[in-house]
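Asks: Hey, can you work out the whole structure from these sequences and the hints?
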Amino acid sequence: MTVISTSGLARTFTTPSGPVEAVRSVDLSIRAGEIVGLLGPNGAGKTTTLRMLTTLLAPTGGAATVAGHDLVADPAAVRAVCGYVAQSGGVDPFLTVREELVTQGRLYRLSRADAAARAEELAGALGLDGLLDRKAVSLSGGQRRRLDIAMGLTHRPTVLFLDEPTTGLDPGSRTDLWELVRSLRDDHGTTVVLTTHHLDEADALADRLVLIDGGTVVAEGTPAELKTRYADSPDASLQDAFLAATGRPATPAEPAPAAV
Amino acid sequence: MLFHGTAIIFERYARQTLRSRFQIFFGMLMPLLYLLFFGPLLRDLPLGSPADSWQILVPGLLLQLSLFGASFAGFAIIVEKSTGVVERMRVTPVSRPALLLGRVLRDALLLTFQAVLLVLAALLMGLRAPLAGILIGFAFTAVLALSLASLSYALAMRVATPQEFGPVINAVTMPAMLLSGLMLPITLGPGWLDVVSHLTPFRYLVDAVRDAYTGSYATAHMLYGVLVAAGFAAAAVTVGTRVFRRAGA
Ligand SMILES: Nc1ncnc2c1ncn2[C@@H]1O[C@H](COP(=O)(O)OP(=O)(O)OP(=O)(O)O)[C@@H](O)[C@H]1O
Ligand SMILES: [Mg+2]
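Taken in order, these protein sequences are the chains called F and C.
Reminder that position 204 of the first sequence reads as 204 in the UniProt record's numbering, one-by-one numbering, no gaps.
Reminder that position 39 of the second sequence reads as 39 in the UniProt record's numbering, one-by-one numbering, no gaps.
Please note: incorrect hints may appear among the correct ones.
[Stated by the list, open to error] Mimicking SDA-like on lysine to any residue, the simulated pairs with C-alpha atoms at most 25 Å apart in a straight line are:
1) Lys135/F with Met1/C
2) Lys135/F with Ala125/F
3) Lys81/C with Leu132/F
4) Lys135/F with Gln16/C
5) Lys81/C with Thr96/F
6) Lys135/F with Arg98/F
7) Lys81/C with Val72/F
8) Lys81/C with Met1/C
9) Lys135/F with Ala7/C
10) Lys135/F with Ala113/F
11) Lys135/F with Phe68/C
12) Lys81/C with Ala76/F
13) Lys81/C with Glu164/F
14) Lys81/C with Ala113/F
15) Lys81/C with Asp133/F
16) Lys135/F with Glu87/C
17) Lys81/C with Phe68/C
18) Lys81/C with Gly168/F
19) Lys81/C with Thr12/F
20) Lys81/C with Ala58/F
21) Lys81/C with Glu21/F
22) Lys81/C with Asp27/F
23) Lys135/F with Phe22/C
24) Lys81/C with Thr14/F
25) Lys135/F with Lys81/C
26) Lys135/F with Ala76/C
27) Lys135/F with Glu80/C
28) Lys81/C with Arg109/F
29) Lys135/F with Thr158/F
30) Lys81/C with Arg144/F
Simulated from the structure, these hints should not be mistaken for lab results.
Replies: Below you can see the structure in the form of structure tokens.
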């Protein structure tokens, strides 16, 4: 069953210095329970795509449905089933972890008691126990990232969008998060779309990869397929496949500049 | 849904306010200074009205409190846009107008509370006015706060930086204060000033509250004041909710 489908999804920003075509045309078809990795160089349009799929940004072209709901016609229904962890988070630094988690639960229509219980539960799942009464500003970078992720899981979304979720996480927390994402899929059938610049992460976690460059999809397939297609062997590194698919030379043609 | 969402948002910001004594009391400082250091100057001046000078000044100070307190409310949302809090709330199913209404209700309540303290101080200074009139004054203060806070949040959602927001608000609030005769009745001045003054909504509100403070409730001033306050509030909340409804705003 297809949970996310987009056709020609596009977004152009108008800026004082002219239009910016952040996303030119993205066609996606993602099945229920899939873990899909969105890869692409900086500025490729990954975040913009996710912001459209989560109703934060109106598309300037194309169409999309999420969990059977049209993005433009029924944004409220889309919001009810989606969870989103933004690239730069979304908690008030001067509120406590508990207060933010409880408010988030209430915004997702949990009762007061359920929201409080869910806050404890999420803190446990993300290794934040003992930090519930601390202000977000006093958390370490990785702890704060885990709070962002907890916020996105509040209502057990059927579709979860994670924008560079593991940025700032130590290796242990990173593999913990991979486990969490896998268990969300295995136990709850959650569909997960995540962006990452860590190709080892994409390789280990994603069932399927979608490579975006210059606002369009330039390649997609399982990690093994991409390696075979672009680096000629399923045992090649994803790094080489990524570079070949985005048209960047695998080894620097010019010597790197000595100083910047 | 609208009600439930508004209650959650209101609670969130009310809790933040209650934790900040600074926020609770600081906004009162300017009107309080006017009350203490400007009010006594008016005692024996001919103000062209049978009303006592406190009955003329205090209504103006209440609306001044609302004007400045609510117009700058939007600053908070500029900060919240940069921390990602606004987008995080916008991806939840909470009703869009609730994101605005919860905030402006907090502002209206806070400013009404400050208005109560201001009037208590004024009573100590020598203000005498009927209770009904004083309550009517609070109602106008609250409605004006609600309206201006809505517009302030709407503007703040549209601009990228505090540097764009502050100057606009200053450019609007200062002339609004001077032109509406909040400090001294504009009728003391030349006719043209009186005409210009009637182009701002605040003029009608201050005239209405001044009437209320002298115990005259069934007057043309009161009628116009109520109509203008209600119309301004309806327009401001409409503008505000439209901005909050738009995706990607
Ligand atoms: N609000 C905006 N106004 C103007 N241009 C924007 C805006 N948001 C994004 N862009 C531009 O759109 C392009 C795509 O940005 P986007 O954030 O989607 O990239 P990304 O793939 O997420 O990159 P990264 O890996 O660095 O996070 C970039 O060129 C960016 O500068
Ligand atoms: Mg990004």
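Asks: For each hint, tell me whether it holds in the structure or not.
Replies: Hint by hint, here is what the structure shows:
A threshold of 25 Å between alpha carbons decides the hint, and for Lys135/F with Met1/C the separation of about 29 Å lies outside it, so the pair is violated. With a CA separation close to 19 Å, the supplied pair Lys135/F and Ala125/F stays within the 25 Å bound. Distance check on the hinted pair: Lys81/C and Leu132/F sit about 24 Å apart at the alpha-carbon level, within 25 Å; holds. Under the criterion of a C-alpha separation no larger than 25 Å, the hint pairing Lys135/F with Gln16/C is consistent with the structure, at around 13 Å.
Between Lys81/C and Thr96/F the CA atoms are separated by roughly 19 Å; this keeps the pair inside 25 Å, and the hint holds. Of the pairs offered as hints, the one joining Lys135/F and Arg98/F holds, with about 9 Å between alpha carbons and a cut-off of 25 Å not exceeded. Restraint check: the Cα-Cα separation between Lys81/C and Val72/F comes to about 23 Å, which is no more than 25 Å; the hinted pair holds. Between Lys81/C and Met1/C the CA atoms are separated by roughly 24 Å; this keeps the pair inside 25 Å, and the hint holds.
Our distance criterion of 25 Å between C-alpha atoms is met by Lys135/F and Ala7/C, whose separation comes to about 23 Å. Our distance criterion of 25 Å between C-alpha atoms is met by Lys135/F and Ala113/F, whose separation comes to about 21 Å. This hinted pair does not check out: Lys135/F and Phe68/C have alpha carbons roughly 30 Å apart, beyond 25 Å. A distance of roughly 21 Å separates the Cα atoms of Lys81/C and Ala76/F; the hinted pair therefore holds under the 25 Å criterion.
For a cut-off of 25 Å, the pair hint linking Lys81/C to Glu164/F stands: about 19 Å separates their Cα positions. Note on Lys81/C and Ala113/F: the hinted pairing is violated, with a Cα-Cα distance of about 29 Å set against a maximum of 25 Å. Of the pairs offered as hints, the one joining Lys81/C and Asp133/F holds, with about 24 Å between alpha carbons and a cut-off of 25 Å not exceeded. Between Lys135/F and Glu87/C, the direct Cα distance comes to roughly 20 Å. Compliance with the 25 Å bound is thereby established for this hinted pair.
For the hint pairing Lys81/C with Phe68/C, the CA-to-CA distance comes to about 22 Å; that is within 25 Å, so the pair holds. Taking the CA atoms of Lys81/C and Gly168/F, the gap is near 22 Å; set against the 25 Å cutoff, the hint holds. Distance check on the hinted pair: Lys81/C and Thr12/F sit about 21 Å apart at the alpha-carbon level, within 25 Å; holds. Proximity of Lys81/C to Ala58/F is assessed by CA-CA distance (about 17 Å); at most 25 Å being required, the pair is judged to hold.
For the suggested pair Lys81/C and Glu21/F, the alpha carbons sit about 23 Å apart, so the restraint of at most 25 Å is met. The suggested pairing of Lys81/C with Asp27/F is violated, with an alpha-carbon distance near 30 Å, which exceeds 25 Å. Of the pairs offered as hints, the one joining Lys135/F and Phe22/C holds, with about 19 Å between alpha carbons and a cut-off of 25 Å not exceeded. The hinted pair formed by Lys81/C and Thr14/F meets the criterion: a straight-line CA distance of about 19 Å does not exceed 25 Å.
Restraint check for Lys135/F and Lys81/C: satisfied, since their Cα atoms lie roughly 19 Å apart, inside the 25 Å limit. Taking the CA atoms of Lys135/F and Ala76/C, the gap is about 18 Å. The hint holds against a cut of 25 Å. A distance of roughly 16 Å separates the Cα atoms of Lys135/F and Glu80/C; the hinted pair therefore holds under the 25 Å criterion. A threshold of 25 Å between alpha carbons decides the hint, and for Lys81/C with Arg109/F the separation of about 23 Å falls inside it, so the pair holds.
The hinted pair formed by Lys135/F and Thr158/F fails the criterion: a straight-line CA distance of about 29 Å is larger than 25 Å. Of the pairs offered as hints, the one joining Lys81/C and Arg144/F holds, with about 18 Å between alpha carbons and a cut-off of 25 Å not exceeded.
Going through the hint list in order, the structure does not satisfy hints 1, 11, 14, 22, 29.
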